[in-house]
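A.B. asks: Chains as they are written, first to last, in my numbering: chain V, 39 to 706; chain X, 14 to 134; chain U, 34 to 464; chain W, 1379 to 1656.
Derived from the structure by calculation, the hints contain no laboratory data. Be a bit skeptical, because a hint or two may be false.
Estimated spans, in silico, between C-beta atoms of each pair [said to hold, decoys possible]: (1) 67(V) - 1591(W): 47 to 57 Å; (2) 437(U) - 43(X): 17 to 27 Å; (3) 114(X) - 437(U): 19 to 29 Å.
For lysine-lysine, the following PhoX-like pairs were computed, each having C-alpha atoms within a straight-line distance of at most 25 Å [to be verified]: (4) 86(U) - 116(U); (5) 69(V) - 598(V); (6) 371(U) - 437(U); (7) 1403(W) - 111(X); (8) 598(V) - 486(V); (9) 1471(W) - 83(V); (10) 558(V) - 83(V); (11) 259(U) - 198(U); (12) 173(U) - 259(U); (13) 613(V) - 555(V); (14) 211(V) - 428(U); (15) 428(U) - 443(U); (16) 173(U) - 486(V); (17) 211(V) - 371(U); (18) 88(X) - 1475(W); (19) 211(V) - 116(U); (20) 613(V) - 558(V); (21) 613(V) - 598(V); (22) 1475(W) - 1596(W); (23) 486(V) - 558(V); (24) 88(X) - 1506(W); (25) 1403(W) - 1624(W); (26) 259(U) - 371(U); (27) 86(U) - 259(U).
Among chain U residues calculated to face chain V with C-beta under 8 Å, some are [stated by the list, open to error]: (28) 67; (29) 102; (30) 117; (31) 140; (32) 172; (33) 229; (34) 271.
In this text, all values refer to a predicted model and were calculated from it rather than measured experimentally. Note that the Cβ used here is the ideal one computed from N, Cα and C, for glycine as well.
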Amino acid sequence: MAEVIAQSGFTGKQTAQPATTFSLFPRPTAKTGIVSWLTTVDHKKIGMLYGGFAILFFLIGGIEALMIRTQLMVPNNRFISAQLYSELFTMHGTTMIFLAVMPLNAAFFNLLIPIQVGARDVAFPRLNSFSLWVWVVGAILLNVGWISHFVPSWNFGGAPDIGWFGYAPLTSKSFTPDLSTDFWVLGIQVLGISSIVASLNFIVTIINLRAPGLTMMRLPVFTWMALVTSFLLVLALPAIAIALIMVMFDRNFGTNFFEVSGGGQPILWQHLFWVFGHPEVYILILPPMGYVSEILPTFARKPLFGYPIVVFSGVAIGFIGFGVWSHHMFTTGLGTVATAAFALATMAIAVPTGVKVFNWIGTLWGGRIVTRVPMMFALGFIWMFMMGGLSGIMHSAAPADAQQQDSYFVIAHFHYVLIGGATFALLAAIHFWFPKFFGRMVPEFWGKVSFWVIFVGFNATFFPMHFLGLNGMPRRTWTYDSNMGWNEGNLFATYGAYLLGLGIFTYFAVLVWSYFKGEKCGNDPWDARTLEWSIPSPPPEHNFAAIPTVHARDAWWYEKTHKAEIAQEKAAHIKAEESHGGIHMPDQSWYPLFAAIGLLVGGYNFAQLHHPVTMFGQQVLASHLPLAITGLGLMVASCYLWALEGPGGYHLHIDAEGKVTESRGDHH
Amino acid sequence: MSAPTAPALAAGHHEPSKFHFYIQIAMILAVITGIEVVLIYLPIVKWLVVTTLIVLSTVKFMFVIFYFMHLRWDKVFCTILFFIGLVLAGFTMFALMKLFASDAGKPLTAAALDFARTTLG
Amino acid sequence: MTRIRFDHRPFSRVTRALVAGLGLVLLSGCKLADIFDLSGNQSTMLTAGPVAKAQWDLFMITVYVCTFIFVVVGAILAYTQIKFRARSESDEHAEPPPEAHGNPFVEIGLIAASVALLVIIAIPTLRDIWYTHDVPEDEKGNAMEVVATGYQWWFKFEYPTELVKLPNGGEAPLVTGNELVVPAGTPIRVQLRTIDVIHSFWVPKLAGKVDMMPNRANFLWFKADKPGYYYGQCAEFCGESHAIMRFRVIALSPRDYSQWLENQKSPARTVTPALLANAADRSAHVQFAAMKLKAGEALAASPAFDADPLNAWREMQHPEAGEDAQLIAQGRQLFSAKTCVSCHSIRGHEGVGISGPDLTRVGARSTIAAGVLENTRERMHAWIKNPNHFKPGNKMWFGGYNVKDGDDWKPNFTVNDQEIDALVAYLHSLK
Amino acid sequence: MSSPAANGHLDHHHDHTTSTGIPNKKLLWWAFLASDCMFFGALISSHLVYRLNPPPGNAVPTQIFDIELTSFSTFILLMSSLLMALAVNAIQKGNVKSTRTMLLGTIFFGCIFLGGQVFEFTHFVADKHMTLSNSIFGSTFYTLTGTHGTHVAIGVLLLGMMYVRTFKPTHGGGLGRNFLHLLAFAVAAGVAFLFFVPGLLEVIEGESLRAMLSHDAKPLILGAIACAALVWFARTSDPTVEFGEKNAIDVEAIGLYWHFVDIVWIIIFTAVYLLEYL
Ligand code: HEA
Ligand code: HEA
Ligand code: CUA
Ligand SMILES: [Cu+2]
C-alpha cells in the first residue's frame, strides 16, 4: 500500500520523467514575488488569487448595487441616467454571479479539494493555472466598456446594458449597435471556457486523486458538492456557449438565429440561456451548501446527520435542476402543457432541498452548539435560504408567477437565495477557513458585529422588496412615479442597502486587519473534522508530509481519536515516499499565462472585428481581424509550447526534524 | 454477432492485437451507412424508415464508443461518465423539440400561415 | 493544538439593550406600515377581474403553505438552536455527543410531508394554468379581440373588429395608442405583438403579464369586473426607457364604451376652418410654457387626477374651454411643416406616419408618452420641447428631431416655444 | 499489490496509481466528451428547431444537398476512425513506426473529409446560392456543420502535433526542428483540405484537371514542398526517439476525441441529411 502511495506522487500518476524537454526558456522557479504568483501551479496560490479577485469584484458589484439603490431612493430621481442605470444592473448581476460568487466558490474548490481528498495538488496543475488566467481575461473583457465613460475616445458604448440574461433580440445589432454587447458576449464565453476547464480538472481530481481509504461515501460533503457543481458546470455551460456563438454570428456575420426578419426565433435564446441559467443557480448554491455542511457539524460538535442522504439530495438537486429551466419563461407563452410540466418539476426540487435543511437541523439536534462567527453565518444561511427557497416555491405556481415575474418579488426571491444563501455561506466559509490559510484568527467580536449589521441590513433591504413586487413594481426600473405606493419601500430598502454595505465593509476591513494583526493560531483552531485541519496553518507547499490514509468519514476527527495508530502509519508512508525519491511536486510554468494573454488579445480584438484600428486618431488597419488572429496564434503557440514543455517537476525531502529540502533531477 | 469475445486482460501482458477485429467493426459500420443511404430512397412508410434510421445510427454510435473508444474494455465508470452527458443532452434535445413542436411553439409566421389555411381554405 | 475558547456573549447586556432601543426608535420613525401596504396603482392584491383574482388566490395558497412550513421548520430550528447551545466553557469542551447518523423513517416521513404540502399547491396551480390561459369556453362567444403591439417604448392598440373609414376610402381597424379602452364585464382577448424587441403586457389589477415575443403568436385574456382606470406597465426589459414604457386600461360600462367607440370611429375633430393668417402674434395670451412639479408630485397624475382617475379621464373626453381656433389651425399646419406627420397619423387630418402613436384623439388621453406625463398642456409642451428628457433614447428625438448622419446624430428640426404652444393647442383640440 | 512497472509492461486500461484505476487523462477526456455532448446537443437541437417550422422562403434542403458526396464523407470519417483505433492499438504494443503510419492515415482521411466540406460549402454558396445569412437554414446548417468541421480541424492539428511528437529525440533539444516539422505538416494538411481535395472533387464534377492545376498552382506547389519536407523529416530522423508505449495514453486521448467527432457526424448525417429526404 505504502508503495503505491509513494508512486502516486502529487497527481497519482507515474512520476517517470522525460529525460529531457523542449524548452524555449528556463522554467520559472521563484517561490515568492510576483513571478511566483504569475507562474504558480500551486492550487493554494491559485485559490488565493481567485479569492482576491472575487472579493474585489464583489465590492465593485456591491458599489454598483449601492448606486442602483441610490437612484431608486426617491421617485423620479435623476441621480443616474437611464443608460447608465441599464449598464449598472447588467454589470451588477453579471459581476455578482460570474465575477464574485462563482470565482469565490472556485477559490474554495482550489483551496480545499486537493487537501480534503488528501492530494498534493489538482490532477492537472498547469491547466488549473490556465483556468485562473482565462477567468481574469473574461473579467477584463466584461468590464472594459466602463472605460468609455472616462475616455470617450475608447468608443465601446459603455458597459454592457442588456440585462444579465441578455434576451435576444435586444442583443441584435439593430438594437444595441455599440460594442458593449460584443464584449459581453465574448466575456461570458471566455468565462465559460475557464469554468469548463477548471471543472474538468476538479472532476478528475476528486474522482482520481483520493487518498487511500477515501471512498466516495467518505468524501467530505463539501467535496461532494464541488463534484456535483463541477458536473453541472461542464454540462450546463455548453448550452450558453452555443447561444453566445449564435449571437456573435448574428451580430458579426449576418446569420438569422434571432433575427425575426430572417425567420429567427428569439425565444430560442431564452431556452438555451436558461438551460444553462437554471443549473447555474444551483452552481451558485451547492458549494455554499457544502460549506454549511462542514461548518455545522464542527460547531455542533457532532457528525453530519444523514450523510448519505445529504449527498444524494445534492446529486438529485443537480439532476432535477436540468429539467426546470422554463420556469423562468412562464410568461413567454409556452402553452399549458409545457407550463404545467415545468411548474411541477420546479416544485419537485423543494423535496431534496428540504431534505438538506432537515438534515442540517438534525445535525444541530442534540449537539453542543458553539455560536462562533462562522456558525452564526451558517445558521443565518439556513434561515435566509429557507425564506428565499419558499419564495421560489411561490414562483413555481405558474399562474401566480405571471404577476411576479420581472417584478421586485423576483428580486427579493433571488437576493434571499443569493445573499442570504450563497453569500452568507461564503462569508461563513471565509471566516472559517481564514485561520487555515493565513494562520491567524479573525476577532470574534468584530466578526459578530459584522454579522449582525449584515443580517439586519440584508433583511431591511430585501424584505420590503417582496411587497414592492406584489405592489406591482417591475424590476429594471430606472425610475418610478411617486403615486405608485413604492416610495416608502424603496427608501427603506435603500437605507437597508447602506447598512448592508457598512456590514460588508466591516467584515472585510476586519479580515484585512486580521491578516496583519490577528492572533496566530495552530493547525486546528475550531476542533474541526476534515483533513485540511490536520496540516499546518498556512499549509506547506506540499500539503501533506505523508499522504494520509483515510479510515472513516471525518478523517481528521478519526485521526484525533486514534492518534497512536495514525502516527505509525504516517511514519511508514514518509519512509516509503522518501525511498522513492521524495515528494514529487509539479513545476511552475509561464505558458498558461501566455495562452491566456493570447486569448485576451484575440478576444479584445475579435469583439471589435469590423471596426478599423485607430491609433492617435489615425486609422492603422481596416479591421481588427489581423490582431485577433495574432492573439489566437499567440494562444495556440503557447499551448503548443506548454504541451512540449511537459509537467516537469522536482522533489521535496523531509528529514526527521521536519526540515524540507528540494532536489531536481531524475530519481529513478 | 461474429465479433470475437473481449480478449482476456491479464495485467502486465500485451493484449492480443485487435487489428482484424477493428477492421471487421469498420466494415460493419460502412455497411450500415450504405444501408442507411439506400433506405431513404425505398418506398416504405415514413415512420418505419425514421425508426430504422434512428436504430441504425444508434447501433453505429454504440459500436464506435464501445469498441473504437474502448468503453467495452475500460472501467465501467468511463461509460457512466459519458452517458451522464449523453443522456442529459438527449433529454434536453427531446424537451426542446417537444417545446417547439407544440402548437404554442409555432413561430408567428408559421402560425399565421396555418391560420390562413384553416380559416380560408 | 489550540482549543476553542469560550466566548459566548461578546456583546454586553448594555450594548444589546442600546442597539435594540435604537432599532425600535428607527423603526417607529419610519412609516413602516406603508412599506407593507399593498394598495398601489399596480397592486396585484386589489384585483379587479377574475384572472388577477385567480392568480392572487393561488398566490395566497402558496403563502399559507409556505408560511406554515416556515413557521414549523423555523420553530424547530429555533428550539434546537436555543436548547442545544453550549452554555458554558465546559459545555464546549465536553465529550462530543454520541454519533447519530440519521434515521430513515424520519427522512421518509419528512419527504412524504413535503410532497403532500406541494400537492396542495400543485392542484390549484394546474387548474389555474388552464383557467388563466384562455377565455373559458362558455364565455368565448362574447369575448372581444384586441391587438396590442409593443414599440420601443410605447404601445399600440388595435380593434380588429371595429373598422374605420380611411380618407382614401379604404377600411382599417381602429387604432389607439397607450390607452386601451374596453367594456367592463366582457372578456378581452389580447393578441400580443411586437415590432422590435420583447415587451410584456402587464396590468396587475386585471391579469398577470404575458410577453410580446417577436415571431410568436402570444395572447392573454382578462375581464374587468367593473368600470375603472387601471395602470399597466411593460414588464420585460426592452432598452433604455423600459421603466417608463407604461400604458393604461380604461374599462367603461357597455353604454359608455359604445359611445366612446362611436366617437373614436369618426375622423379627427376639426375646430374651425383653417385660419392661417397672423397666427404668430396671437401667442401672447397662451401661458403654459413652463412645467411645474411640486415636490413629491407624480409626473403622470396630479393629486386631483389620482383621487378619481376614471372620472378625470372622462373629463378629458370633452373639448376644453377657451379653445383658440387660430392657434389650433397654426398648430395643425405646423404639425405637417415640422414633419410630425411622418411618424404620427391623425385620421381625417394630415399624417400617415405609423412609427409613432396614432394621435387622432390624443387630446382625450389622460397621459402622453406612454403613461409618463399627465396630459396637461404644460406637460405636453414640455414633452414636445424635449422628448428625450422624459424618455431617454426616445425615437421621436432620435429619428425625428435628430437624424443619423453616418455614425453621428445631427439636428433635423427645432420647434420654438410659440410653435409648441400652437402644436399643443392643436393636439389638445383632438378629442 | 503488484506494481506494473516491476515487470516491465504497461497495462493500458488501468492505472494503479489513481483511485479508480482510470488514468487521469482518460478521465479528463471522457468528462470533456460528456460536456461536448451537451454542446452538440444544443447545436443540433437549434438546427432541428428551425427545421420544424421553417419560415416562408427558407432554402429547401433536398434541393441543396448532395447526398452522394456526404455519404462518401461519412464513409471516409468512419475509416479514419478505424485508422485511429489502429494507431492506438499499435502504440499500445510499442510499435512507433506503425503508429506513425496509422496517424498519418487518420490525418489523411481527416483532410479528405475537411476537403469535402470545403467543397460542399463553396458549392452550396456558389451554385445553390445558400449563404450563412440569406436563410435561417443556411445559418443553422453552416453553423452546425461548420462547428463540427472546426472540431475535425482541431483534431487534425492535434494529430499532427502527436505525429511530430513521435520524432522527439532522446538526447534533448530539437525544438526548432520540431517546429519546422509541424509547420510542414500544417501547410501540407492545409493545402490538402483547402485546395487539393476540393480541387479533385471539382475535377470529378467535370472541371478539367488542367484548369484546376492552373488556378490552384501556387498552393499546390507549396503543398508539394511541404510534403517533401515531411518525407525528409521522417527519413532523416533520429532512430532513438523519446516516444513509446508509455505515451499510449496520449495517443488514446486524442483518439477518444477523434472518435467522438466521428460519432457526432453519425448523428448529423442522420438528423441533418438523411431525414430531409423523407
Ligand atoms: C442561489 C440561487 C437560487 C436558488 C437556490 C434558487 C432556488 C429556487 N428558485 Fe430561484 N432564482 C434565482 C436563484 C436561485 N433560485 C435567480 C437568480 C432568479 C432570477 C433570475 C433572473 O430572472 O434574473 C430566480 C428565479 C426563479 C424563478 C423565476 C421567477 C420569474 O422570473 O418569474 C422561479 C420560478 O419558479 C424560481 C424558483 C426557485 C425554486 C423553486 C427554487 C428551489 O430550489 C428552492 C428550494 C428550497 C426550499 C423550498 C426551502 C427549503 C425547503 C424546506 C424547508 C422543505 C419544505 C418545503 C416545501 C415542501 C415547499 N426561481
Ligand atoms: C450573488 C449575486 C448578487 C449579490 C450578492 C447582490 C447584492 C446586492 N444586490 Fe443584486 N442582483 C443580482 C445579484 C446579486 N445582487 C442579480 C443577478 C440581479 C439582476 C440583474 C439584472 O436584472 O440583470 C440583481 C439586481 C439587483 C437589483 C435590481 C435592479 C433592477 O432590477 O433595477 C437591486 C436593487 O435594489 C439589487 C440590489 C443589491 C444590493 C443592495 C446588494 C447588496 O447585497 C450589495 C452588498 C455589498 C456592498 C454594498 C459592497 C460593500 C462594500 C463597500 C461599501 C465597500 C466600499 C469599499 C471601498 C470603496 C474600498 N440587485
Ligand atoms: Cu417594453 Cu420594457
Ligand atoms: Cu431557475
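A.B. asks: For each hint, tell me whether it holds in the structure or not.
C.D. replies: Quick rundown of the hints versus the structure:
At about 55 Å, the beta-carbon gap between residue 67(V) and residue 1591(W) stays in the expected band of 47 to 57 Å. Look at residue 437(U) against residue 43(X): about 59 Å separates their beta carbons, and that is not inside 17 to 27 Å. Under the hint 19 to 29 Å, the C-beta atoms of residue 114(X) and residue 437(U), about 42 Å apart, miss the expected range. Of the supplied pair hints, the one linking residue 86(U) and residue 116(U) is violated, its CA atoms being roughly 44 Å apart against a limit of 25 Å.
Annotation: proposed proximity of residue 69(V) to residue 598(V) is violated, straight-line Cα distance about 32 Å (limit 25 Å). A distance of roughly 17 Å separates the Cα atoms of residue 371(U) and residue 437(U); the hinted pair therefore holds under the 25 Å criterion. In summary, the hint linking residue 1403(W) to residue 111(X) is not supported, as the alpha carbons are separated by about 37 Å, beyond the 25 Å threshold. This hinted pair does not check out: residue 598(V) and residue 486(V) have alpha carbons roughly 29 Å apart, beyond 25 Å.
Between residue 1471(W) and residue 83(V) the CA atoms are separated by roughly 41 Å; this puts the pair beyond 25 Å, and the hint is violated. In summary, the hint linking residue 558(V) to residue 83(V) is supported, as the alpha carbons are separated by about 20 Å, within the 25 Å threshold. With a C-alpha separation of about 31 Å, the suggested pairing of residue 259(U) with residue 198(U) is violated against the 25 Å cut-off. Proximity of residue 173(U) to residue 259(U) is assessed by CA-CA distance (about 19 Å); at most 25 Å being required, the pair is judged to hold.
With a CA separation close to 38 Å, the supplied pair residue 613(V) and residue 555(V) exceeds the 25 Å bound. A distance of roughly 17 Å separates the Cα atoms of residue 211(V) and residue 428(U); the hinted pair therefore holds under the 25 Å criterion. For the hint pairing residue 428(U) with residue 443(U), the CA-to-CA distance comes to about 14 Å; that is within 25 Å, so the pair holds. Between residue 173(U) and residue 486(V), the direct Cα distance comes to roughly 62 Å. Violation of the 25 Å bound is thereby established for this hinted pair.
With a CA separation close to 30 Å, the supplied pair residue 211(V) and residue 371(U) exceeds the 25 Å bound. Only pairs whose Cα atoms come within 25 Å are accepted, and residue 88(X) paired with residue 1475(W) is rejected, the gap being roughly 29 Å. Taking the CA atoms of residue 211(V) and residue 116(U), the gap is near 61 Å; set against the 25 Å cutoff, the hint is violated. Of the supplied pair hints, the one linking residue 613(V) and residue 558(V) is violated, its CA atoms being roughly 31 Å apart against a limit of 25 Å.
Between residue 613(V) and residue 598(V) the alpha-carbon distance is near 22 Å, which keeps this suggested pair within the 25 Å criterion. Distance hint between residue 1475(W) and residue 1596(W) is unfulfilled; the C-alpha atoms sit about 32 Å from each other, more than 25 Å. Between residue 486(V) and residue 558(V) the CA atoms are separated by roughly 19 Å; this keeps the pair inside 25 Å, and the hint holds. Restraint check: the Cα-Cα separation between residue 88(X) and residue 1506(W) comes to about 48 Å, which exceeds 25 Å; the hinted pair is violated.
Our distance criterion of 25 Å between C-alpha atoms is met by residue 1403(W) and residue 1624(W), whose separation comes to about 13 Å. For a cut-off of 25 Å, the pair hint linking residue 259(U) to residue 371(U) is broken: about 42 Å separates their Cα positions. A threshold of 25 Å between alpha carbons decides the hint, and for residue 86(U) with residue 259(U) the separation of about 13 Å falls inside it, so the pair holds. At a threshold of 8 Å, the smallest CB-CB gap from residue 67(U) to chain V is about 4 Å, leaving the interface hint in force.
Of the supplied interface hints, the one on residue 102(U) holds, with its beta-carbon coming within about 6 Å of a beta-carbon of chain V, less than 8 Å. A distance limit of 8 Å between C-beta atoms decides the matter here; for residue 117(U) the minimum to chain V is near 5 Å, and the interface restraint holds. Checking residue 140(U) against chain V: minimum C-beta separation of about 6 Å stays under 8 Å; hint holds. At about 17 Å, the closest approach between the beta carbon of residue 172(U) and any beta carbon in chain V exceeds 8 Å, and the interface hint on this residue is violated.
The interface hint given for residue 229(U) is met, as the beta carbon of that residue sits about 7 Å from the closest beta carbon of chain V, less than 8 Å. With a cut of 8 Å, the hint placing residue 271(U) at the interface with chain V holds, because the nearest CB-to-CB distance is about 7 Å.
Of the hints listed earlier, those the structure fails to meet are numbers 2, 3, 4, 5, 7, 8, 9, 11, 13, 16, 17, 18, 19, 20, 22, 24, 26 and 32, in rising order.
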